[in-house]
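*Asks:* Protein chains in written order, with the working numbering: chain Y, 30 to 825; chain C, 30 to 825.
Since the hints were derived computationally from the structure, they do not count as laboratory data.
It is possible that part of the hints are untrue.
You can't tell identical chains apart in this list, so a pair holds if it fits in one copy or across any two.
No farther apart than 27 Å at their CA atoms in a straight line, the calculated lysine-lysine pairs in the DSS-like style are these [what the hints assert, rightly or not]:
no.	residue 1	residue 2
1	K296	K330
2	K341	K117
3	K561	K495
4	K569	K690
5	K255	K132
6	K157	K561
The structure displayed is predicted, hence computed values, not measured ones.
Number of protein chains: 2
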Amino acid sequence: MWWSIFSVVDLEYGKFSEDNKEYIITRPDTPTPWINYLGNSEYCAMISNTAGGFSFHIDPRNRRITRYRYNNMPTDRPGRYIYIRDSKTGECWSPTWQPTLSKLDGYECRHGLGYTKFTSSISGIEAKVTYFVPPDSNVEIWVLTLKNTSLSQDRWLKVFSYCEFCLWEAPRDQNDLQSIQFLGISRFNNNAVLYHFFDESTGFAFFASSEKICSYDCNRESFIGKYRDESNPEAVEIGECFRSEAVGGNPIAATASSVSLEPLEEKTIIYVLGVSQDKSEIDSLIREFTDKENVEKEFQKLRDHWESFLSKVNTKTEDLDFDAMVNVWNQYQCRITFDWSRYVSFYETGIGRGMGFRDCAQDVVGVVHAFPQRVRQRITSLAKNQFQDGHVYHIYFPLTGEGGFPYYVKKDMQFFSDDHLWLIPSVTEYIKETGDTSILEEKVEFVDGPPATIYEHMQKSIEFCKSMLGKHDLPLLGTADWNDPLSLPGPNNAAESVFAAMLLHKSLTEMSEVSSQTGRGTESTTYKKLAKKTRNHLNKVAWDGDWFIRAFDDSGSPLGSKECKEGKIYLNAQSWSILSGVASHERGIKSMDAVKENLDTKYGLILLKPAYSRYYKEIGALSSYAPGLKENASIWSHANAWAIIAECMLGRGDQAYEYYKKLAPPSKNGMASIHQAEPYVYAQTIAGIDHSAFGMARQSWLTGTAAWMLKAATNWILGARPQYHGLLVDPCIPSSWRSFRMTRQFRGATYDIKFSNPLGISKGIEAIHVDDKLFENNLLPTFSDGKTHKISITMG
Amino acid sequence: MWWSIFSVVDLEYGKFSEDNKEYIITRPDTPTPWINYLGNSEYCAMISNTAGGFSFHIDPRNRRITRYRYNNMPTDRPGRYIYIRDSKTGECWSPTWQPTLSKLDGYECRHGLGYTKFTSSISGIEAKVTYFVPPDSNVEIWVLTLKNTSLSQDRWLKVFSYCEFCLWEAPRDQNDLQSIQFLGISRFNNNAVLYHFFDESTGFAFFASSEKICSYDCNRESFIGKYRDESNPEAVEIGECFRSEAVGGNPIAATASSVSLEPLEEKTIIYVLGVSQDKSEIDSLIREFTDKENVEKEFQKLRDHWESFLSKVNTKTEDLDFDAMVNVWNQYQCRITFDWSRYVSFYETGIGRGMGFRDCAQDVVGVVHAFPQRVRQRITSLAKNQFQDGHVYHIYFPLTGEGGFPYYVKKDMQFFSDDHLWLIPSVTEYIKETGDTSILEEKVEFVDGPPATIYEHMQKSIEFCKSMLGKHDLPLLGTADWNDPLSLPGPNNAAESVFAAMLLHKSLTEMSEVSSQTGRGTESTTYKKLAKKTRNHLNKVAWDGDWFIRAFDDSGSPLGSKECKEGKIYLNAQSWSILSGVASHERGIKSMDAVKENLDTKYGLILLKPAYSRYYKEIGALSSYAPGLKENASIWSHANAWAIIAECMLGRGDQAYEYYKKLAPPSKNGMASIHQAEPYVYAQTIAGIDHSAFGMARQSWLTGTAAWMLKAATNWILGARPQYHGLLVDPCIPSSWRSFRMTRQFRGATYDIKFSNPLGISKGIEAIHVDDKLFENNLLPTFSDGKTHKISITMG
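For reference, chain Y alone in the conformation it holds in the complex (with noise of 0.2 Å):
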């Protein structure tokens, strides 16, 4: 390889393109795949910047198009293959690196808002290859233009693509090799691959080329040979395919096409992969999508559908990087995050869990400004999978709809302290930011139940809190709370989760305030007061005169407290006193200074401190990670976006940026080789402190960071946000930004909001301007006039 594999020193993989809307990949040897997500609801294609990766169709677990294998050497393989050979001098390589690994002269992977493109040049020949899915079909499309860029001499060449097909079923593709040995049949006709189950029960996969395919191979074991792999396939070695059928054995779709290049001359081949249930209309779409006219709209209706979803909200300020992530990568990866919750990367295999009840129902913030209409469905959806008596399946699965808990789940205690109350803000937030209060009256049937309306389910969320409150009257801990690995186990099942109370007080007050919106002024006060118990009572059973403590254990001892050997302070436990309204501002500033004196990182805030540096029985789950490692002690990013909102709420803009610049993805770009996960989206986790691997990142792309980062930005630092009666406007920046602009579409109206800082602060307005008058107040109106609205403020 060129690039030196024992450099020490960090070079950069990659940057932004000058618009944002690409992260431009400039050598493919990236320290994990950094991949990208092509696909419209239905068909989901991951890729990676060597085109590894795989599709589905709906859902990876039932509906798996083609196989990937993790925990695989080398890492990243299959996914959607190219190969060139040179006819004259047998040489060949593959124009996205992988799988052939060849010496190319030029590499650079752009992942785009739906898209992948890839250019790459070796001896002579420059290849592009884009895939994408367009909108609405079940299919992807893979474009490959080469051009001969030597003035002189004429190019022979033979061109092979490669796609490793899956059982459907994903499960049984790898525990149940009998099925996938002999269910499945691969053959070759009229110019395209078809794949399918010898009792066609489960529908069709195709694969086909704009180009005459010359030879092609539908079994892997033809096409690749003997004690070889993807990298050097012996049909590409030979320079032919071998015509197999695969009727049995392990399906695949390779074909060879011969291209013949005049000096300077550029030819495109288009391939599509694509599913139907329907034969009959196979053909019809192979003619459609390798078209190449049809396959440029297609293309641009991908750009188009994207611009219109970004569209919603957009900011420019002095910092280039927050800008991007607001305005392109946090809104991208919010969509992708809604749609796949934490189900499908590649870190979730797609099999060993389905879409989560308590991440959908936070992930549907980051996106409810952009289609409101999904994000009802999807709150519907959740609400089905809660029982009569208010508690909710943790998990379920969007294919068949059927819920569940996961395997550590505890036997006796089959619910999650937290999972049910989500469901309350994900309708609030959709009702402020739509004003649709309709959505209350919908009714949707319980899991053992008849049909209720989303009011008497969130209702019901309430009072199953009720129903499980331990001694010391918090909600008991069932099987963990949103902290899933503190089980704190027991024989009594007693423990209680102080956050999941704080959770309470949050819900309680939505409550209050969505019943008295929409005329139920019992019900209103009747949560009010429930609230306002609630916080007291935390106030006395929780403070630990420096921060709030974070759980009781099985035998009632307290967790996150001064007592405590380890784990003497939670993160949590003090963002979400501010964010649930239960701290007052004393208390407030105090946990805050307290996480910032001893959670604090280079990278980020740790989760707790000190790090449990052995197993405990009675903390159970958590510390059976080691110290810096998940719940025992990372820098949890969805929990760094919580210590921002809370830091704007205390005020503190320059400490909320602080902590927020430290997570962002575009801080990691210079340092690459630590952070290893891609530098354009959130990860779950990075290794903290006590680890020695400090500043790794693992789990990229799915995770409630998403979400709650860019509430944090737009809600909190540029701080417009939706109310029942209109937008607020209420920023807590840094207090060096002189000026900035927010455009954000609202109820139908635009607001083109500029903000100027003439003092320096961090928060305070002083004179607020709607279409150049003087507005009395920061809630800005509701326009509803499909018009464009100039606002201007002035801090002070």
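Since the structure of chain Y is already known, use the hints to place chain C on it.
*Replies:* The following block gives chain C in isolation, referenced to the frame of chain Y:
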């Protein structure tokens, strides 16, 4: 590679050693990995002819020690790898070919009984590696001997070892990457690598060496390097490990030691990989198993163990291949199959399913002569999986004891029509071998009820059948019978199994006989009457004119009848009409003639004909296989064994032998590129004549074929069959044999039997001499005197 990968000549890949106790593989690129099982009944290590494979402790699902990637490319990775690097030239290679795939000057792999030995050479270094698991310890030993074959040159080598650990729970290792990436700790200390969870909850794995380890890696990514794999680890390339720890990540044990060799000098390094629940005993285990003298002793113990195991049955005929199978390989396969049922092989992942009830009940027949005590334990374990109504779990997991049904079980028919019945012949075969009727009185609990005697369990099996009869008065099919995908679904759940009815008849006969032998006269008469009724009834409703039909589907239509368009004749209905005693001699002959005419192919008997050409919903899963695959008309080895026995029962020794020879693994030796699987053990299924890969075997090693083929050879061809009161001799041989010899240990005495066949017949006995005295019949007495008795038999 120096052997051509394009060769169309079917080269031999190996042969048996002269004493038949080793299979010698002479080129490494076998069509599939050709494997061996090392281990005792706790520690199991599978190893291929290129050192691929994995290890587990007791249970491959819950106690997986090392990783293996199924569906992988290159096939067969990772494994137990050794790398050698010439410190002067930098040349690197593996003495087991994989993973470096370097061109070796010589290669040989010998799979022996519980051990595998490699010999290879390259550039003047000869390497021998022996892998084995001592009989009584939870460790595996790798003995590497290096020799400098040069007469003049000194050599300086660096020797690396490599194995990759698994999260103990293999399913989580695949499905929930968060676990493996964050829980495991692998560290080097005191010349050994120790791997465990941070919470130490599941014990320890360790890896150590007899040689000083000069550098090590415990983290896979460090040793291998980015975008590399086992074939070219960065550490090996540069000649030193990176001294990495794994706290989370992918834990491995990799070591490097320096070896210098003078001309003709030889050095040995011993590696030991093992597990222990007790951290404090690990040091002494390492000392014990890195001591050369002790390791030699352990190896001898292993050889003695197998000598003893195989000594119970031995034959010398005119057919050397027949002897190799009966004396060594078929017995060996029986033992492996007994140990692991259909749970874990290179085809069975060890996480998809557990031990099979019907499988285990049949497997005991293959080993009952060799270690009856273990068989008795297995039978009682099986009986624990029976419900009070008589039906049984289809599978169970050995570590946890948990029983269950596979995913494809019919929700409203949670039973198989045959499972429970197999308990009966397993018990009666045990008693006939041992004379130990006390097993009948042993009490074992039901899944859902209090203890009952094994005899009562057997009665329940019959009762369940009687309680589940369909409209033809045959056993309801339930989910299926022996033929798992023969599900015959339909709205009425009314399908019936003729096969199960035949097995019921056989079971009734056995019950009648065992009842009579143990003073249960009334029961004996009842069962006898029931048997007669069943027999007559079957001959009425299931006789199709020229053969027996196989089943009735949900609508009451017959399967395996001339009336059918496809699936007109099924093999098992014919063979079992004879095995069960249902058919008259005349109908038996007619049935098996129909088998010969319709189902015979050059590679064996196919299961049915014509194969189903498409999916039929009334046939169900069986027709979801393409023609010629699996139960849709492949050559099913297990069913071929039954046909061989049936032919022996009919007295047609030449036909039986012809079928036997077609399936016998040595017959595959000359057609390895077609057969693909190992030519020293049986495979479950061989693609039938309707498939383009006709002759290709899959699912080698773990198959009921092992037990039934051994029984076909020893009990029916050689004809020595244990009875309640003696050893019956009644051979049915190929008429070409003129003489043969068999020794058989039976109830504490050795029967040294010489047969002569002067007339060249297949069946019939003229005279028997026992210890030189004429003996009046062919039921040899039970001597039980610890002595050897000479038996001489003249056929005629």
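*Asks:* Tell me, which hint numbers fail for this structure?
*Replies:* Violated hints (numbers, rising): 2, 4 and 6; every other hint is consistent with the structure.
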